[in-house]
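When the letters of the sequence shown are read in order and numbered with the UniProt record's numbering, they come out as residues 1 to 154.
Hint data in this document are derived by calculation from the structure and do not stem from the laboratory.
In this text, all values refer to a predicted model and were calculated from it rather than measured experimentally.
Hints may be right or wrong, so weigh each one.
[Stated by the list, open to error] Have a look at the derived ranges for each label pair, beta carbon to beta carbon:
#1 13 x 130: 44 to 50 angstroms
#2 133 x 82: 35 to 41 angstroms
#3 100 x 26: 19 to 25 angstroms
#4 108 x 52: 38 to 44 angstroms
#5 16 x 134: 52 to 58 angstroms
#6 127 x 42: 18 to 24 angstroms
#7 25 x 144: 42 to 48 angstroms
#8 42 x 110: 16 to 22 angstroms
#9 61 x 127: 36 to 42 angstroms
[Said to hold, decoys possible] EDC-like, lysine to aspartate or glutamate: derived pairs with alpha carbons at most 20 angstroms apart:
#10 48 x 27
#11 12 x 39
#12 127 x 89
#13 48 x 100
The C-beta atom is built at its ideal place from N, Cα and C for all residues, glycine as well.
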Amino acid sequence: MYSVNTLEIMAKPTGLDALRLNIDAIDDEIHSLLLRRTDLVTQIGNLKRASNREGFSLRPSREATIIRRLVAHHSGPFPVTALVRLWRELLSGQVMVQNDFNIALFDPSTEATYRHITRDQFSASGKVHLLPSPAQVIHAVASGNSAVGVLPLP
């Protein structure tokens with residue numbers, strides 16, 4: 001007959017299952033931290049609106065500072081490019097929490113080059129409106145219909 005302690009030991013996951021349970025717990029912690037960060041970003045947006053500083057929340061210099069800080073402190077086998085990609089998505093998602101974020105894009109390339117660049121910079125979940133001319137991109141930004149305009153180099 002088994003004692004209670006023996007059954008507890010037998011029921012505890014080991015090896016691969018234990019490692020996966022630890023990863024799941026870390027994922028839950030990361031998700032909770034993302035929700036806390038989003039709450040802070042929402043509070044910042046509310047403060048800006050309350051003080052009539054409601055302008056667009058995209059701050060490239062702030063984003064660059066955050067990413068540089070993270071890269072400078074990064075160590076271990078996790079690829080730095082993946083770290084940067086994760087934070088680009090996170091920061092873009094946080095901008096979308098504060099503002100309606102539309103991107104006007106003119107992409108004359110047949111390989112969708114500028115669509116890929118736009119997605120890499122502003123998130124896969126950003127609202128990208130493909131427009132037929134550079135003039136229409138400029139008009140979309142000037143009229144306030146889009147927060148960002150992306151044009152190819154001349």
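How the hints compare with the structure:
1. 13 x 130: 44 to 50 angstroms: Given range 44 to 50 angstroms: holds, Cβ gap about 49 angstroms.
2. 133 x 82: 35 to 41 angstroms: Given a distance of about 36 angstroms, which is inside 35 to 41 angstroms, the answer is holds.
3. 100 x 26: 19 to 25 angstroms: violated (33 angstroms)
4. 108 x 52: 38 to 44 angstroms: Holds - the Cβ-Cβ distance for residue 108 and residue 52, about 39 angstroms, lies within 38 to 44 angstroms.
5. 16 x 134: 52 to 58 angstroms: Once the Cβ atoms are compared, 54 angstroms apart, the range 52 to 58 angstroms for residue 134 and residue 16 holds.
6. 127 x 42: 18 to 24 angstroms: holds (19 angstroms)
7. 25 x 144: 42 to 48 angstroms: holds (44 angstroms)
8. 42 x 110: 16 to 22 angstroms: Violated - the Cβ-Cβ distance for residue 42 and residue 110, about 41 angstroms, lies outside 16 to 22 angstroms.
9. 61 x 127: 36 to 42 angstroms: violated (23 angstroms)
10. 48 x 27: violated (31 angstroms)
11. 12 x 39: Between residue 12 and residue 39 the Cα gap is close to 36 angstroms, so the pair fails against 20 angstroms, i.e. violated.
12. 127 x 89: Status holds; Cα separation ~13 angstroms.
13. 48 x 100: OK: residue 48 and residue 100 at ~15 angstroms, within 20 angstroms.
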